[in-house]
Each structure stands twice: as structure tokens, then as C-alpha cells.
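Participant: Single-letter residue listing:
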Amino acid sequence: MRPPTALASDKELSDFLKSVEKRAFKRTVYAVRSDDSALDIVQDAMIRLAEKYADRPAAELPLIFQRILSNATMDWFRREKVRNALMTNLSEFESSEPDGDFDLLEMLQAVEGSLGTESAADAVSRAQILHLIDEQVAELPARQREAFLLRYWEEFDVAETAAVMGCSQGSVKTHCSRAVHALSKSLRAKGIGP
Amino acid sequence: MRAISHTSENHALEARLGLRLAGGLTARAECLPHDVTERLRFAREQALARAREARLASPDGAAVVGMSGAGGLLLGSLSPWLQRAASVLPLLVLLGGLMLIEQWSTRERVLAAAEIDTLLLVDALPPTAYSDPGFAEFLRSEPQP
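If you read the protein sequences in the order shown, they are chains V and D. In case it helps, the numbering used here puts the first sequence at residues 10 to 203. In case it helps, the numbering used here puts the second sequence at residues 278 to 422.
Because the hints were derived from the structure by calculation, they are not lab data. Given the structure is predicted, the values throughout are model-derived calculations rather than measurements. Beta carbons are placed, not taken as given, at the ideal position from N, Cα and C, and that holds for glycine. Any given hint could be a false lead.
[To be verified] Some chain V residues judged to face chain D by a derived CB distance under 7 Å, without partners named: (1) R32; (2) I56; (3) A59; (4) V167.
One chain only, chain V, in its complex shape (with noise of 0.2 Å):
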């Protein structure tokens, strides 16, 4: 058995980037709006872990893939000159607050049985309902959307998700917080649920 503190090898580098690519590449995806401009995100991202860190341990690859990939698209708005545009939407979500008359267990239960369910004419509506989910993560603003997606798609836990987003754990906990109200609210407006 490899101690947890083992390097990395080349295997193990291989399987890590294959586990994580495509949901690098989608996270990318939801802050650039481009494939092209993602890919060659990923890309980079990808290039800088091997170079830099790849003689470390593999159990901490997750996280510093993660960080290198914020800066990597960190480093592409700069690139593009869009650092106006970025600076509104990091701050449009400061002033949404969670709406409390939200009945979130309602929404588990209707997501939870629509997206459970496998006859054909369901499967239609399971297609479209991944669809909604896919859309509205993407119209969520940037750092709830980065808390969400580390939070609950990579299921980092509450420290890590902050060390990678750069906050405080209380900030993670509200951005977290506020984007599953948001796509709660959301999805109801587009029909799902209660």
C-alpha cells in the first residue's frame, strides 16, 4: 500500500486528469462562454499541473488542479481585457439574498423523483430537466456559481473550496447557500417542482 504522502505517478497523474477533465472543461465553460476559449483553458491548466506538480503527492493534486485552473481563467479575462465585465459579475451577487419562503425539501423531492425516473417518455423529460439544471448553474453569478461547483461537483469540503476560491469558509457557505436557493427558485419558474 503507498503512504499518503507518495508522489504522484504517471498513472495516477493520467487517471486524475481523465476523472477531472470534462467537469473542468463544463466549470471553464460556465465562466468564459466559449468551448474553444475553455479548451485551451483546460489546456494550459492541464500543462502547468504536469509541469509544476506533478512529483506531489496525488492525493493533492485535486486541489491545486483546482486553483491552477482559477488562475488559468483568471489569467484568460485578463488576457481578453474583459477585467470591466468580470468586476460586474463578481458583483451582482453580493446583494441577492436566499428567498426564506423556499421550500427547498419540496425541490429535492421533485428533482430527486424527475431525474430517478426511467420509462422513454421520461427520459425526454429527465434530458430536459439536465438541460434546465445545466442552464440555470450557468446563469448563476461567478462566485456562487465556483462555490456551488467546487462545493457540491467536486465535492471539496467547506476549507478546501475556500482555499481555492480564495474567501473566508463563512463566504463559501453563503455563496453555497445562495446558488441552491437561486436554482431552486429558478428551476420552479421554468416549472419543475411543486
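Starting from the structure of chain V, add chain D where the hints point.
Facilitator: Showing chain D alone in chain V's frame:
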């Protein structure tokens, strides 16, 4: 007390819904277009090639390579200077081998010529040889005892 419990339940509910929605994203991500998955595969292979280059270029690279084989433990435990010297060893062996082959080949040529000379000297001289101007010249030039 009840308020704390309610907040805790709410957080748990948020987390469950968040994970369920993220599960939906995973299902979507599995259906990416072929050209995108191919570009991601290419990016991954590029990154792995760079990782290999970086490992070989690093000072510890030689030791890591040395450790990978069954007999590599010995090489990995040597000092960097000895490891560099060991890398020249195959070249020295090759040069030594070439020199031995050259020496053996020259010796074979000399032995073959000596054998021909011996056969000629012990063979009976044909009478027509005395009419050959070259042989007559050879007899005249032979040193007298």
C-alpha cells in the same frame, strides 16, 4: 434550541439538493461532443508528456529512473557523480569492443597472408618459372649468404 436544529436541517437540505443538482451536471458532462472529448484527451496526453520531461530534467530524475528497474536500487543509491560516470560506461564498452574487433581482423589478415606464403614456398617450382623475367629478377636480387 429549536432554531439551531432548524438551521442545521436547512443546511443538510441545501447540501442534499446541491449534490443532487450537481449529479445532474455530471450526467450532462458525460454527453460532451466527440470533438471536445478528443481535444481533452489530446490536452491530457500533452500534459503527461510534459510531466515526463519535467521528471527527467529534474536533478532527482536519474535516481527515479534508476529506482524503477529491479537492478535500479544500486544505481539509485550512488552519488550523482558516480551516476554520471556510470552513464558513460556503455560508451567505453562499445569503444573497447570496436578496438578488439579491429585487432582481431588485422591478425586474421596477417595469418591468411602467411599461410599463402608458406604454401607457395613449400610447393614445387614449375620449370616455366625460370623464363619469367620477374622471377629472374627476384633470384638476382636475393641477398648472398
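Participant: Now tell me, hint by hint, if it's right for this structure.
Facilitator: Hint check results:
| no. | hint | in the structure |
| --- | --- | --- |
| 1 | R32 | holds, 6 Å |
| 2 | I56 | holds, 5 Å |
| 3 | A59 | holds, 4 Å |
| 4 | V167 | violated, 10 Å |
When held up to the earlier numbered hints, the structure conflicts with hint 4 and nothing else.
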